[in-house]
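2 protein chains.
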Amino acid sequence: MATEPLLSQLTDALRCLPGVGPKSAQRMALYLLERNREGGMQLSSVLAEAMQRIGRCRQCRDLTELEVCAICANPRRDSSLLCVVESPVDVLAIEQATAYQGLYFVLLGRLSPLDGIGPAELGLDQLAERLAKNPPAELIIATNPTVEGEATSYYLQRMAKAHTIRITRIAHGVPLGGELEYTDHSTLAHAFGSRLLID
Amino acid sequence: MATEPLLSQLTDALRCLPGVGPKSAQRMALYLLERNREGGMQLSSVLAEAMQRIGRCRQCRDLTELEVCAICANPRRDSSLLCVVESPVDVLAIEQATAYQGLYFVLLGRLSPLDGIGPAELGLDQLAERLAKNPPAELIIATNPTVEGEATSYYLQRMAKAHTIRITRIAHGVPLGGELEYTDHSTLAHAFGSRLLID
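Taken in order, these protein sequences are the chains called A and U. Anchor point for the first sequence: position 121 equals 120 in numbering that gives the first Met the number 0, and the numbering is continuous, going up by one each time. Anchor point for the second sequence: position 103 equals 102 in numbering that gives the first Met the number 0, and the numbering is continuous, going up by one each time.
Extracted from the complex, chain A is given alone in its bound form (with noise of 0.2 Å):
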């Protein structure tokens, strides 16, 4: 056989997608030839469409075909907030989870010296300009609770503290609903230490 069939090297395309293995891939192609070509085909033309079309966001870094994102681009969102967040899911988790109505920045990563990953490439030189220019009353450093992540977030404190701007950061401790005696070590710790005057 010269090239390979086309079922396989369907199959193989389709392991590119993330948790993706040979059986499951196996699987999508034939329900997608049996069933749903129709679905098969939408898919291909809007993948081809959004590897091709989506970029950044000029203002905030989020992933968008636009040359400026929905949520920089909305005139009811409040531009006194700004979010720092590490990447695109974390947009939609806030968006999805929470009332915030103000703006974001996404960094697409997080510090990480030994990846080769500094400042310019997490765009904070766009961010402190933006930071000079326009400062927002309030910047709320999301970033994950990593090593990285407080790294992170303590360069961004560190570079925001040279503007009058309030500083805040996103509560970690014991999540809801769970239970003291099943939390982490550190996360328990790390919720004592953060404890909270209630009266």
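Hint data in this document are derived by calculation from the structure and do not stem from the laboratory. Quick caveat, the model's predicted, so the values are computed rather than measured. You may find that some hints are simply not true.
One copy or any two copies: either way a pair holds, since identical chains are not told apart in the list.
In silico SDA-like cross-links for lysine to any residue, where the CA-CA straight-line distance does not exceed 20 Å [as the list claims (entries may be wrong)]:
#, residue 1, residue 2
1, 132, 94
2, 22, 4
3, 132, 161
4, 132, 162
5, 160, 123
6, 22, 95
With chain A fixed as given, assemble chain U onto it according to the hints.
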């Protein structure tokens, strides 16, 4: 917003894949956009080609982009053996697990009168013609051991009896590595009933 953002369109389109819910679709879309645009483009083009070009083998009804599939067209396969299976996955499973070197006939379904699937939908007229014109020495029935699969198997037996063909059915029983204790009752009863003389 007039139209949906391209990112949500992509997430929606990915949900046409079996086993992919909203969370996985989001993860896949962001992964492709952030890390593997080339893979996404490749998937898009293979997908379109496969959806448009893959049809059924004229001889065995398996999925292929050729007129006659690679197995049917291979002169080194033993044309005296014909194995009837329900779906293209079964062909792949048998090819991967066994040393079978005969040919296949793919029903693409099973007899299910309540769902409007009768002999015509399964290409049984085509199979009957093949048995009459060019009968194999052995017809191996490998439909699944479900109610519909058994009914289909019975129908195939009746059909093949008109010709002098050896008709066999793959064995059903306790799976290798399985334990009698944990084998379901109907499988164990079947295994008991189909016991073989070993000496």
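Here is what the structure says about each hint:
With identical chains, the CA atoms of residue 132 and residue 94 are never at most 20 Å apart, being 26 Å at best within one copy and 66 Å at best between copies. In the homo-oligomer, the alpha carbons of residue 22 and residue 4 lie at most 20 Å apart inside one protomer (17 Å), although the nearest pairing across protomers, at 32 Å, exceeds that limit. Taking the shortest alpha-carbon separations for residue 132 and residue 161, only the intra-copy value of 13 Å comes in at or below 20 Å, while the best inter-copy value is 89 Å. For the identical chains of this complex, residue 132 and residue 162 are intra-copy neighbours only, at 10 Å inside a copy versus 88 Å across copies, given an alpha-carbon limit of 20 Å.
When the C-alpha separation of residue 160 and residue 123 is checked against a cutoff of 20 Å, the pair qualifies only within one copy, where the shortest distance is 14 Å, while the shortest distance between copies is 78 Å. Taking the shortest Cα distances, residue 22 and residue 95 sit within 20 Å of each other only across copies (12 Å), while inside one copy they are farther apart (32 Å).
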